[in-house]
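Novice: What follows is the residue order along each chain.
Number of protein chains: 2
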Amino acid sequence: MKIEGVDFFYLSMPEVTTAADGSQDALVVRVSAGGLIGWGECEASPLVSIAAFVTPMSHGACRSVSASVLGRDLNAPEDIHAIAADVAYYSMDLLQAAHTWSGIEMALWDLLGKARGEPAWKLLGYSRAWPKLPYASVLFGATPAETFERARDIREQGFQAAKFGWAPFGESPESDALQLDAAREGLGADGILLVDAGQVFVEDVEAASARLKAMERNRVTFFEEPFGGQSLSAYHALSQRAAAAGVGIAGGEAAHNRQMAEHLIDFGGVRYIQIDCGRIGGLGPAKAVADHAAAKGVTYVNHTFTSNLALSASLQPFAGLRDHRICEYPTGLQPLARELTLTRIMPDAEGLIHVPDAPGLGIEIDPAAIARYRVDVEIRVAGKSLFKSAM
Amino acid sequence: MKIEGVDFFYLSMPEVTTAADGSQDALVVRVSAGGLIGWGECEASPLVSIAAFVTPMSHGACRSVSASVLGRDLNAPEDIHAIAADVAYYSMDLLQAAHTWSGIEMALWDLLGKARGEPAWKLLGYSRAWPKLPYASVLFGATPAETFERARDIREQGFQAAKFGWAPFGESPESDALQLDAAREGLGADGILLVDAGQVFVEDVEAASARLKAMERNRVTFFEEPFGGQSLSAYHALSQRAAAAGVGIAGGEAAHNRQMAEHLIDFGGVRYIQIDCGRIGGLGPAKAVADHAAAKGVTYVNHTFTSNLALSASLQPFAGLRDHRICEYPTGLQPLARELTLTRIMPDAEGLIHVPDAPGLGIEIDPAAIARYRVDVEIRVAGKSLFKSAM
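Chains as they are written, first to last, in the working numbering: chain X, 658 to 1048; chain W, 658 to 1048.
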């Protein structure tokens, strides 16, 4: 097969707020080759990622993503890796390229899986997929009482694990401690409690450390993204103190290539490496990070805060790793992210979720949802239309 | 003052080729505040960087760059640092943001310097600026004979140092050795010879090491970007072997934040850290990297392959470091990059160049050149025009 077409669909809720809720818009990618269709999703700014696909070349090492993708062969996993290498090299000075490519790469695995009648995780080299224990991923409540309610609701829905994140966490050690106490109380003594700081401590190791005592008391399993994604020295310093409190440091969602994630493991000392396939360059580099993590005794976890298409993609790279058991499972998605997929990945009677055992990513897209939430985009350069939303 | 306006000018040569020549297009930034104008330049894809300035918000941590810039106070260096922190935080999921912000940040120092009647390097904390020894930065010739001619021409122009880069370097250890011999012969025994591999070895340490013997024989001072900008482990492995051959490893131009550059020093073992102010987020983080480099005994070098506006900006962060003496000085610029500035930074009788001792970046822009090379851009989202080239 040859890659014949790559179409982008920018979807958005009618109103987008400043909440840290990544499901308010979406960039869905449709790739066509050999009479088949593959779907992917960039976890990225839709407009900017589209621009990186169509932009005129600046020079040989700053070419558009499309220049490395359109017309290429797609017959085996090696073809996807070869295109990935070309995007990395020929778009090395185009910063946004990794985000644009991520959704395309996902769609290529979906398409190749459909052509071969095999799930993507088999193409990645796994012989079977293990169930995962989903943690409900939600934002902290505005007050400890609200957080308590959310935690109790999550437990009543049957989840055994929950992650609370972002503001107001970070306001003060005292108010954060009350939030953590409330989350633990609502979740019950045996629930798995996880915390996402949303980079609020930037690179202030002391400020982050001041939260460890309340985390130890509330048996927090991991403390995610205390710092900016690149602050390896801060990660390293905190990881040692956190280990003494029985808390693992987690991070990696900002990684836009394999190496960034590996550095968090090798130099940052994280115990949980969280990969967003919609940013790191898709399933290929994510699988390489999973291999690296397993070799280093670090637990791989997906980062997913958008649709079930992105969720399926994010499960593939560690589907075959039995001991890497917890997975992020967003529960408060906006309607566009819920409605995008006709297939839903739901917890079974034991509260576990299963990566689809179906060709490719195993997710059917609802074209009506795309039509409902679509945002029209047109980009014109030097009098020529470089992009106009596809029908 | 308040930041009233930020305008982008996408300039391009009529034809852009796949040569690794970053001066074929440009993204020039004009900032207005308090009746003054500041100029900057992003070393980045113009279209994609513009899109990152105007894009609709995806969520609270994926906002446009404009959201953190327009209307902000600009009265002191601290104001620039505060805006930088906001861009990093509120645009953390917008990958291209660092490239867009870099040109704006440059323009803010230019503007603040004009308001205070002081050069940017003084605002950065230096009390004086030292002359720099420019190395002519050119591409390798297609053949060793062509490289020899280029080296001889450079020497005849009065340069004491030259850097050769990119293809065909990397083809084979044997052909690369011939290229290096030719460069040394053309440059003369006492010239400073530098090599830029343009990431051609990706992360293959053995392939890069196979070039060290010919580098040692030709007394190559530094071996730049053997690998992708993120391949810290490969950098680390090569830096030890290179040291034994008397060659310093150089890198850093891809750094789009301070930490990436510091990691190349701390974990990658580079001896020369090369910063492009048009990518790293401007002068502020570049100055921080210069401080870090000086503290670690690593030499700071600018990375510049575009106009004299970018050159002046790139000299400011290490203007006051006497011992960090060599600087990149592009000599084969396309007409648009030459004509953009009425001010030219030229070597003096001793072959040294001087950062302008004038307010801000000290570079006068030629509006006629902007008009001559301007490319019109329009970006429309949901029926509204988000960007239309300014007059």
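Any given hint could be a false lead.
Since the list gives no way to pick one copy over another, a pair counts as held whenever it fits inside one copy or between any two copies.
To be verified - Straight line, CA to CA, 20 Å or less: simulated EDC-like cross-link-like pairs of lysine to aspartate or glutamate: (1) K1045 with E1035; (2) K1041 with E672; (3) K779 with E1021.
Keep in mind that the hints were calculated from the coordinates and are not lab data.
Because the structure is a prediction, the values reported are computed rather than measured.
Novice: Quick one: which hint numbers does this structure break? Sort them smallest to largest.
Specialist: none
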